[in-house]
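Protein chains in written order, with my numbering: chain A, 1 to 147; chain B, 1 to 163.
For the record, the hints were derived by calculation from the structure and aren't laboratory data.
No false leads were slipped in.
When the alpha-carbon atoms are kept at most 30 angstroms apart in a straight line, the in silico BS3-like pairs for lysine-lysine are as follows: (1) Lys71/B to Lys156/B; (2) Lys137/A to Lys71/B; (3) Lys135/A to Lys72/A; (4) Lys137/A to Lys156/B; (5) Lys71/B to Lys72/A; (6) Lys135/A to Lys71/B; (7) Lys72/A to Lys137/A; (8) Lys155/B to Lys71/B.
Derived contacts from chain A toward chain B, CB cut-off under 8 angstroms, selection only: (9) Gly15; (10) His21; (11) Leu50; (12) Ser51; (13) Tyr57; (14) His58; (15) Gly63; (16) His93; (17) Arg97; (18) Tyr131; (19) Ile136.
Computed from a prediction, not measured in an experiment: that's the story for all the values here.
Quick reminder that beta carbons are idealized off the backbone N, C-alpha and C, glycines included.
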Amino acid sequence: MDELDRAIINELQGGFPVCDHPFAEVAARLYTTEQELISRVDLLLKGGILSRFGPMYHAERMGGSLSLAAMKIPDSDFERVAQIVNAIPEVAHNYARDHALSMWFVLATETPRQHAAALERIERETGYPVYDMPKIKEYFIGLKLAA
Amino acid sequence: MTLETTLDEIDRRIVLATQSGLPLEPQPYHAVARQVGIPAEEVMARMRRMLESGMIRRIGVVPNHYALGYKANGMTVWDVPDERVDELGEKVGALEFVSHCYQRPRHLPDWPYNFFAMVHGHDRGEVEELVRRIAELIGAADRGHEILYSTRILKKTGLRIGG
Numbered sequence: 001m002d003e004l005d006r007a008i009i010n011e012l013q014g015g016f017p018v019c020d021h022p023f024a025e026v027a028a029r030l031y032t033t034e035q036e037l038i039s040r041v042d043l044l045l046k047g048g049i050l051s052r053f054g055p056m057y058h059a060e061r062m063g064g065s066l067s068l069a070a071m072k073i074p075d076s077d078f079e080r081v082a083q084i085v086n087a088i089p090e091v092a093h094n095y096a097r098d099h100a101l102s103m104w105f106v107l108a109t110e111t112p113r114q115h116a117a118a119l120e121r122i123e124r125e126t127g128y129p130v131y132d133m134p135k136i137k138e139y140f141i142g143l144k145l146a147a
Numbered sequence: 001m002t003l004e005t006t007l008d009e010i011d012r013r014i015v016l017a018t019q020s021g022l023p024l025e026p027q028p029y030h031a032v033a034r035q036v037g038i039p040a041e042e043v044m045a046r047m048r049r050m051l052e053s054g055m056i057r058r059i060g061v062v063p064n065h066y067a068l069g070y071k072a073n074g075m076t077v078w079d080v081p082d083e084r085v086d087e088l089g090e091k092v093g094a095l096e097f098v099s100h101c102y103q104r105p106r107h108l109p110d111w112p113y114n115f116f117a118m119v120h121g122h123d124r125g126e127v128e129e130l131v132r133r134i135a136e137l138i139g140a141a142d143r144g145h146e147i148l149y150s151t152r153i154l155k156k157t158g159l160r161i162g163g
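Excised from the complex, chain B in its bound form (with noise of 0.2 angstroms):
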């Protein structure tokens, strides 16, 4: 998969008339087709190709964490050895209750955590049971960690790309 990856002008207006949403009607990409100007074929064919390069992640709904009941959403943040950050990411990625999960530099003397995961629960009770798993998982690798709340959305418009 290449990183270079990049758009054309066609892929560009695909990505501008779907990146709000597709629209919710019997044949979608057909209603894009019409918008873009192009046959239906060809969205579905570069649609295609997109998920396969990796510059669509996948096509698909994203709940509401808080109205699925998920009120407690706590971004973990470790101190752990940069040369095993790789091996536990994979590990800890691999909970299923983990949605996002990253390296990231230290700001020393402030900020000493490379590695972000982001954690979902019911209430914060459940996320610090669920931070303990990790912390079993990391073990004595675990120079220390945090977990962050968030009090307030302050913004969240998602990804846009300018016309």
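Here chain A stands alone, though its shape is the one from the complex (with noise of 0.2 angstroms):
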């Protein structure tokens, strides 16, 4: 990564304008063209270094429903919980923590009924219980990592 790369992920960050050339419109905040801004966002994406650029949608203002979720699951059964939870299609984001409650997955659906169906299936599937953590309220999301 480069100067130029540095300030396109500081910089990006912050927003994209939604008009007709976006990109040459944050182009001519760094100094830079149009061509090699679309060109160093592609490369950045496929290097791994970005792993999204676009809208970030808001699940719940879409009608959606967003949750925590967490279970312990002994080392000895972890794998085979694992498959069984990652193959469910509304688990979005799935993490190991170093905890008794050692499996974190986030679960991403269209309604309140696709919710709790997918929680009673991984509870039925895994035979382990389901500490359901939905969000009571959210303070802040985003951050601005300094790259």
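Take the two lone chains, each set in its own frame, and fit them into one complex as the hints suggest.
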């Protein structure tokens, strides 16, 4: 990554305009060209430095349901349960964490009913109870990581 | 801002066309418009509306934390009095190193924590230092906290709606 890459990442974490030539507008701010900016974003995505470029949709405001849930899975059964949980399409993210509650996943569904059904299915197929932790309130989402 | 705002069929087609990313070409909204089969002006007007209503949080890039050197990502969980969680949520959410900050339900007796804040640092030492700063801010309302580090990403696909 060079200085321009860092400048692009820092600038585009803050927003991307909605207009006829948005890349040209951002490029002008960064003293580069539209074509250079597009190819840099492409390379940063391909290289895995960026995981996404585009609109971040707010699941709940779109009528969807997004919820964090956790399970206590013993090490000896962890891989089997991870396979079952990962195979559920509504599971958007799944992380192993160093805690007795060792598996943490995010369920993204379009309706609360699908959310409940996915939780039931996970409990039934894995044999472990799910600790459902839907957010009660959100205080802040977003972070500018200095590149 | 209404929480009951819903998507109509055209919004939904725009979401489907853009949820995995915007096209990398000089006129990305025009490309989306061709895919959806409506004028570019309408795509832009609808996306601006979705930004205003909060259906789109923002348009831009999401860096890979690990690739930028933020290798220690700690989910910090706190047991604070319910009546103080709003006030503390605003304060902790304002810290520059906190990315997500939520009130969530306790599951007693196993899980006493009702307040979550994600903290990102270059290593665990840095995360622990940042957590001390949060603890100072919370003060006597901190009845206990833990840092849960992710040890493995088992799955990461992001939000998708069906077609």
